[in-house]
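Engineer: In case you want the letters, here they are:
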Amino acid sequence: MSPVELAPPALSGAREAFIEGAYLISSILFVLGLKSLTVPDRARRGMQLAALGMLLAIVGTLVHHEIVSYGWILAGLALGTAIGWPLGTRVPMTAMPQRIAISHMFGAIAATLVGVAEYRHLAGLPGGPGHGQMAALGFEVLFGSLTVTGSFMAFGKLQEFLPGRPLTFRGQNLLSAGLFLAGVGLMAWLVVAPQHPAAFLAMLAVGLLFGVSLVLPIGGADMPVVISLLNSYAGLASSATGFAIGNNVLIIAGALDGASGFILSVVMSKAMNRSFGNVLFGAFGAPPPPSAAPARDVAVRAITPEDAATELAYARLVIVVPGYGMAVAQAQHQVREMAQLIERNGGTVLYAIHPVAGRMPGHMNVLLAEADIPYDRLKEMEEINGEFKNADVALVIGANDVVNPAARTDRSSPIYGMPILDVDQARHVIVLKRSMSPGFAGIENELFHAANTSMLFGDAKASLAQLVHEIKQA
Amino acid sequence: MNLQLIELYVFILAGFVGFFVITKVPALLHTPLMSATNAISAISLVGSLVLAGATDRGTLSAVLGFLAVTCATINVVGGFIITDRMLRMFKREGGPKGRAR
Chain A
1 MSPVELAPPA
11 LSGAREAFIE
21 GAYLISSILF
31 VLGLKSLTVP
41 DRARRGMQLA
51 ALGMLLAIVG
61 TLVHHEIVSY
71 GWILAGLALG
81 TAIGWPLGTR
91 VPMTAMPQRI
101 AISHMFGAIA
111 ATLVGVAEYR
121 HLAGLPGGPG
131 HGQMAALGFE
141 VLFGSLTVTG
151 SFMAFGKLQE
161 FLPGRPLTFR
171 GQNLLSAGLF
181 LAGVGLMAWL
191 VVAPQHPAAF
201 LAMLAVGLLF
211 GVSLVLPIGG
221 ADMPVVISLL
231 NSYAGLASSA
241 TGFAIGNNVL
251 IIAGALDGAS
261 GFILSVVMSK
271 AMNRSFGNVL
281 FGAFGAPPPP
291 SAAPARDVAV
301 RAITPEDAAT
311 ELAYARLVIV
321 VPGYGMAVAQ
331 AQHQVREMAQ
341 LIERNGGTVL
351 YAIHPVAGRM
361 PGHMNVLLAE
371 ADIPYDRLKE
381 MEEINGEFKN
391 ADVALVIGAN
401 DVVNPAARTD
411 RSSPIYGMPI
421 LDVDQARHVI
431 VLKRSMSPGF
441 AGIENELFHA
451 ANTSMLFGDA
461 KASLAQLVHE
471 IKQA
Chain B
1 MNLQLIELYV
11 FILAGFVGFF
21 VITKVPALLH
31 TPLMSATNAI
41 SAISLVGSLV
51 LAGATDRGTL
61 SAVLGFLAVT
71 CATINVVGGF
81 IITDRMLRMF
91 KREGGPKGRA
101 R
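These protein sequence lines are chains A and B, in that order. Residues 1 to 474 in my numbering are what the first sequence lists, from first letter to last. Residues 1 to 101 in my numbering are what the second sequence lists, from first letter to last.
So here's chain A without its partners, still in its complex pose (with noise of 0.2 Å):
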């Protein structure tokens, strides 16, 4: 496949063993980094040795025989680096969620380039394309092009300039399902004649229109499935481009993104109580039929921030449940510093995340630790739920769904069946809210007008603000 070797034979040989023996160290290297992360305590560390190995990768490949000039190569790094720094540096860890989004489109596009290029390569020698790296070269510019203008999309939503909710239309997902096959089919073509570069480019075309129609009829509280999915499309794109240009680095390092991707969209959707083709092709979070939730006149009890704060301040358990609403007001700041104060009156206050709360898994865990909270305080769904029982005060911050209790007892509901954190067993709720508007399903929640439920309205950032000001004075 390469052109015939300048270099003496030995020469060459060394040089291939030493870019070989870069790959195979930062492969090991990769996977020892994300095994990290299933020890809170070791992840830094761990993350760290892993950029260790995507230097030496990237070092091993400097010298690679078809690399004859390095003009381009430093422009390309300077600029990614130019741009990449303050990615990395300067977003706010409430944007995680677009930022993650906006990272998937940059890993695709690369993908999706080299695909193109390697594609036109090959398509002008004489032999053409074999079958086999055709196949691959299809698998990376679909899988690649259609990440590309999905992580778009689900970027747009989440920086909120694509509105949030489901944008859908009739036929849409006929339309979805004939651009689907209609790329596999133009994939299956290439792979049995694969000197059509018209073919190729209308491939590229019905990827990129795909993963627009993919992603614009998902609505904003679907984010954490589709986030993941994406994820793992880059990482496929990602391994794809390592069969097609035969480098085991590349599919190793794709399928360990496609895996942790492919994981991360099967618990996401478990904890919805929804299966993957619902949350692609049901357009949740559509407003519900009218006759879903009948107006009720129960009325809902309004708390003053004093009386609340009365009984933070000498309450033992106080299980805080943040949602959205308290990423979107920042006010896990305020949170911290309210805990502190309970816990200094001899109080104990833990967190209960709920799998989807937020808009990617675990960015609740994220903006919480930013805020100095511990990490053995933030408990998962199924360690909390026994707690709610014997806490004196379960404090909801905007959360709405993950916390409604006609997804275990109203059959009709749309979220019935989803598992939710039982905060209802406790022995007060309060709920931080800015209005009675439903949430993001549009679905009525029965825990607001429930006996041991009362309602503190206003921001959420500047209702705790209040709290902690009243539980200093109590």
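Worth flagging that the hints you see were computed from the coordinates, not collected in a lab. Please note that a few of the clues may not be correct.
Claimed, not checked - Some, not all, of what chain A presents toward chain B, calculated at C-beta under 8 Å:
1. P40
2. D41
3. A43
4. L79
5. G88
6. P92
7. F106
8. A110
9. H121
10. V191
11. N365
12. V366
13. Q425
Ideal placement from N, C-alpha and C gives every residue a C-beta, glycine not left out.
Based on these hints, arrange chain B on the given structure of chain A.
Structural biologist: Positioned in the frame of chain A, the structure of chain B alone reads:
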């Protein structure tokens, strides 16, 4: 054995390794996990580098390579930095590296 068959073995076995390792990552670290895997899969930079450096294939190819190098480098640099930034924040109560509360 056919080279592409070996690659398929590598892919499938790596997928298994990924599956078994990542199922053990606690939900606590799912966001850093995603940014970490994203940074690692930016290893496609390796392919982009060769493309950008093989200028004997023509300018268009080198320019595509340059763009690919840029995008992949964004993820390598930004991805590892932000992962580290997040992991630095996770502290145990009074733990070994815990900042005083």
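Engineer: Check the structure against each numbered hint from earlier and tell me which ones fail, lowest number first.
Structural biologist: Numbers 6, 10 and 13, in rising order.
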